[in-house]
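Trainee: Chains as they are written, first to last, in my numbering: chain E, 1 to 301; chain C, 1 to 316.
There could be a bad hint or two in this list.
[Said to hold, decoys possible] Partial list, derived from the structure: chain C residues whose beta carbon lies under 8 angstroms from chain E:
hint	residue
1	Lys40
2	Lys72
3	Thr75
4	Phe124
5	Pro141
6	Ala148
7	Ile187
8	Ala284
9	Ala285
Read the hints as simulated data drawn from the structure, not as lab findings.
These numbers come from a predicted model, not from an experiment.
Ideal Cβ positions, reconstructed from N, Cα and C, are used throughout, including at glycine.
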Amino acid sequence: MAIFEQDVAVYDSRRPDELHYAHSRPTSEARWVKWTLIGIGVAFMLLVVVLPLLVVFIEAFRKGVGAYFAAFVDRDARAAIGLTLLVAAISVPLNLVFGVAAAWALAKFEFKGKTFLTTLIDLPFSVSPVVSGMVYVLIFGAQGWFGPWLEAHHIKIIFAIPAIVLATIFVTFPFIARELIPLMQDQGAQDEEAALSLGATGWQTFWRVTLPNIKWGLLYGVLLCNARAMGEFGAVSVVSGHIRGLTNTMPLHIETLYNEYDFAGAFAVASLLALLALVTLIVKTILEFRFGDELAGTRKH
Amino acid sequence: MAASLTRSRPNSLAVAPALVAEGPVRTAIHPAKAGWSFVKPSVIPGFPLTLGYTLTYLSLIVLIPLAALFLKSATLPWDQIVKIATAKRTLMALWVSFGSSLLAAVVNIVFGLIVAWVLVRYKFIGRRLLDAIVDLPFALPTAVAGIALSTIYAENSWIGWLVSTNGPLHLGWKIAYTPAGIVIALIFVGLPFMVRTVQPVLEEFEQELEEAAATLGANRWQTITRVILPRLTPAILTGFSLAFARAVGEYGSVIFIANNLPNQSEIAPLLIIIRLNEFDIPSAAVIATIMLVVAFVMLLVINLIQTWARRRYGDL
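Next comes chain C alone, as it looks inside the complex (with noise of 0.2 angstroms):
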């Protein structure tokens, strides 16, 4: 930066009474053209030729194939738009989605918040493995993760079988194949959002506040509550927010654990194939649509969070 400055000055010092010599024209023309550039000048090359590779690979891989989507949409008649978003299994399929991702976003609120808060404050043995499980369910593959998860809770093996009603507990709970075994699915998918979106913001605590608090006389559970989880709210809403996001477009770890049935446990993302299964295009292009619409609004949200948290608190 430093060097560009003092490159550019002698440079318009030296243009200056040039131009005032050649006359007006090119000083009118020369100061407005800096001002209007695109770019800031850099002697770095190269910016046309990526900047041109990244706009097209991004339009022809992300941009168009988005774009066909909304066009298809927006070519349907309106009455038939509002008859497939106003149907009752699409309307239950969005319902079974948002439902159990809410749930699932606020369980991994409470338990998203002990993980990490566990990770940043104690010293305990095995905490760095505990630390690099927790990235687990990014790298685990959604559809090995389903089958997993089915078979732990399915009735005849594992935890479905202790909970059920010939399981040691005789609790007659079924957790597979019910609105719960998504829950669970989602919560799994969902836990390192929570986890890795608080965990720098508390590891950067200033924990001088926490000892101002002590020395005014705050006990433990008061400096928790009123000093130190206010501070985290920004993270943990744009953590919530993340694991929403992605719990509500999750397919393959669902889908396994998940009975399928119309009206009652089929996912958003599940009627969207069964429609194109079916060759209903339309009714898939306003599912989709609507997802894609919530993902935006979403995004946006969690950019107007993290906006709201820089002026509140510096940077996240």
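One chain only, chain E, in its complex shape (with noise of 0.2 angstroms):
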């Protein structure tokens, strides 16, 4: 194509720059067109994305670096981190299993009914994210069905931790189920066949054989479901009640301080869950860039 270009550049009288914007390919748009549309979307993308990003660390660090760190002293803060790290270790953790076991029951086998199953286990993604924490307000509130039972036995789940990681876990659940079940497919049980002939039992075979095979995509799954459980808001906040130090995580702390016009704090915490987010792209970028065959749906989410 390029010595196409050069072609008519002999026997065109025009002057060459000229020429860049007379011709163009049949099958690609003219220079300034190609330009113009890199120009729209690099600025959209600026504007829209990247410039949210920047403010965050910018209004963190506004009132200096002392100001920034002593955002983290305060008590609340640190009890808000402690708490979303702890939400994260156990909803993870559950929905790692359940994907794993979901994948393998999904991916492995043929039987009727399945792709109604698929459907049901990406339901939490179209479901509100408010609508998903108050579901288990009707169910553990005070009103709800196990609620007059709960306060009779003086079990809390309701704006208590319980609520939060069930929350969590819901609007987390598809996340490492439905990266592992094309991927699983695509793998076909080939492996685990000629694995389960050379006489491995079941466990060994998965162990030995599935996980290996598995194990990017799973981290990939693993990363984004820890992103979205760490940084969840609106199901944890119908369900956390909103109190200061016990039941508040990064995120509702962040939107009280944000409410006090502490913005220099709300930032703070802010920008350690912007770093999550950038570090989790980072990892997700390199994993699709490393092993983009070993990972299934790599451009749907």
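Mind docking these for me? Both chains are given alone in their own frames, and the hints should help you get the complex.
Mentor: As structure tokens, this is what we get:
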């Protein structure tokens, strides 16, 4: 193609730089169109996506490094960070076990109602976070199904850690399963069949054959699941009760500080979550770049 | 697959004469049973365990709680449901949610398409970085996005200042704490859905088709509008539905940038929370059920689009 353009230039009386604009290949756009589109795309991304990220860090350090780190000395901020880590530490492994089990059942076997089951697993993605939280209020809340019984037995679920964990599990439910299902479907069952025919037990087959095959996809799913678990706001907001130092996760603590006009504090805590998002994106990009073949649905979320 | 076929064939041949010899009863049961089995036979173990665990966990975490919501609404008297659903505040909240989500999704069609096009078709410095950044709205917690956006578009700082009466442009625009702010937040959360749905289809687009169009005399604009865009339509519609569905349910990034005035800039998810805090569980349940039904309809629409696209263009 490049040769073709040069040939034209030889026989064309116009100046070469003029030619750039006059001629474009029939299967690509004129140069000015190309650069206008790139300009619009980049400008839009900078304005809509990059600017908010930058603002988080700029506002966090607006009052200086001292004020930034002072925000984390606060006991409530530390409690919020601790709670967020705890909630993620419970919900991510639970969804990990579920994701592997669901992918095993759905990818290695053919059974009736499989498509329907896959749709059901994806369901939490379509539900508003607020609705995801409120369903647990209907079950465990004071006016809910088990409310009176729980109260009689002095068990607190709503406005306490169990409900926060439940709501987080709900919203992060499909992440690992939907990453593993297409991946394991693509890989088929030949490897496992070979291992079994050579005398491996079911568990040996899983640990030594399946798990090494899916490890990068699994990591990818865990990464996305964890980012969402730590950052979930709507669902957790409904069930937490916003008790400072007790049931405030990091996103909720950000809201509390922001509403109290402690912007530096709010953005300082927010910068930690933004950093988590950045690390998630970087690791995700590396995984896609290096192990793209061992991930499924890389482009789909 | 091949292995299981070769295994089952000699088996059935061996079994058949034996069954005939033993009597007609087992011949009648066996083929029938094979045809009716719930799961296709496999040498892989663990099906009952994994399926059982999947169903139990799914039921406990997702299905029973969602059923509780439907039950709560269904057990309310019909006229109460109608009264809640048609209350002015409910209707306005739904209108704000759906209207701004629609607007944001339309904006995302245009810019999402441009971003996807630029990422797939052009080589330029920073393309990989741009590609990675597209997923940021997925990864950035909504509360963080919310406070950042409301700071950017508030009258006294950043872009909000730039377009305000006091700003250098003297435009007198207000973005934060107006419906425009809601749309901006929803554009932010919906963008990756659009880009990531269109991008793979564009990547796999057969460029021979463009060459064919060009040799048949189409100019570039005609090729794009008549050859490329129709092929992208299912992906655009899917991306649009996904972005719209996400925006309708969005809460975290919106409540900071909206001033949350009833009947003006109060979104439906916020109204649910307000009703819950008032211990008005029936109202919260009815509004939540409406949103859930809409979510299911959107899910159905997305599936229909994809089925249609698969039939029309092969796999998507």
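Trainee: Next step is simple, just say for each hint if it's right about the structure.
Mentor: Hints versus structure:
For the restraint placing Lys40 of chain C at the interface with chain E, the shortest Cβ-Cβ distance is roughly 4 angstroms, inside the 8 angstroms limit, so the hint holds. Restraint check, Lys72 of chain C versus chain E: the minimum CB separation of about 5 angstroms is within 8 angstroms; hint holds. At its closest, the beta carbon of Thr75 of chain C sits 11 angstroms from a beta carbon of chain E; the interface hint therefore is violated under the 8 angstroms criterion. Checking Phe124 of chain C against chain E: minimum C-beta separation of about 6 angstroms stays under 8 angstroms; hint holds.
Given hint, Pro141 of chain C at the interface with chain E, holds; its Cβ is 3 angstroms from that chain's nearest Cβ, closer than 8 angstroms. Among the interface hints, the one on Ala148 of chain C holds; its C-beta lies about 4 angstroms from the nearest C-beta in chain E, closer than the 8 angstroms criterion. A cut of 8 angstroms between beta carbons decides the hint on Ile187 of chain C: the least distance to chain E is about 6 angstroms, and the hint holds. Against a cut-off of 8 angstroms between C-beta atoms, the interface hint on Ala284 of chain C holds, since the closest Cβ of chain E lies about 6 angstroms away.
A hinted interface residue such as Ala285 of chain C counts as satisfied when its beta carbon comes closer than 8 angstroms to some beta carbon of chain E; here the least separation is about 7 angstroms, so the hint holds.
In terms of the numbered hints stated before, the structure departs from hint 3 and from no other.
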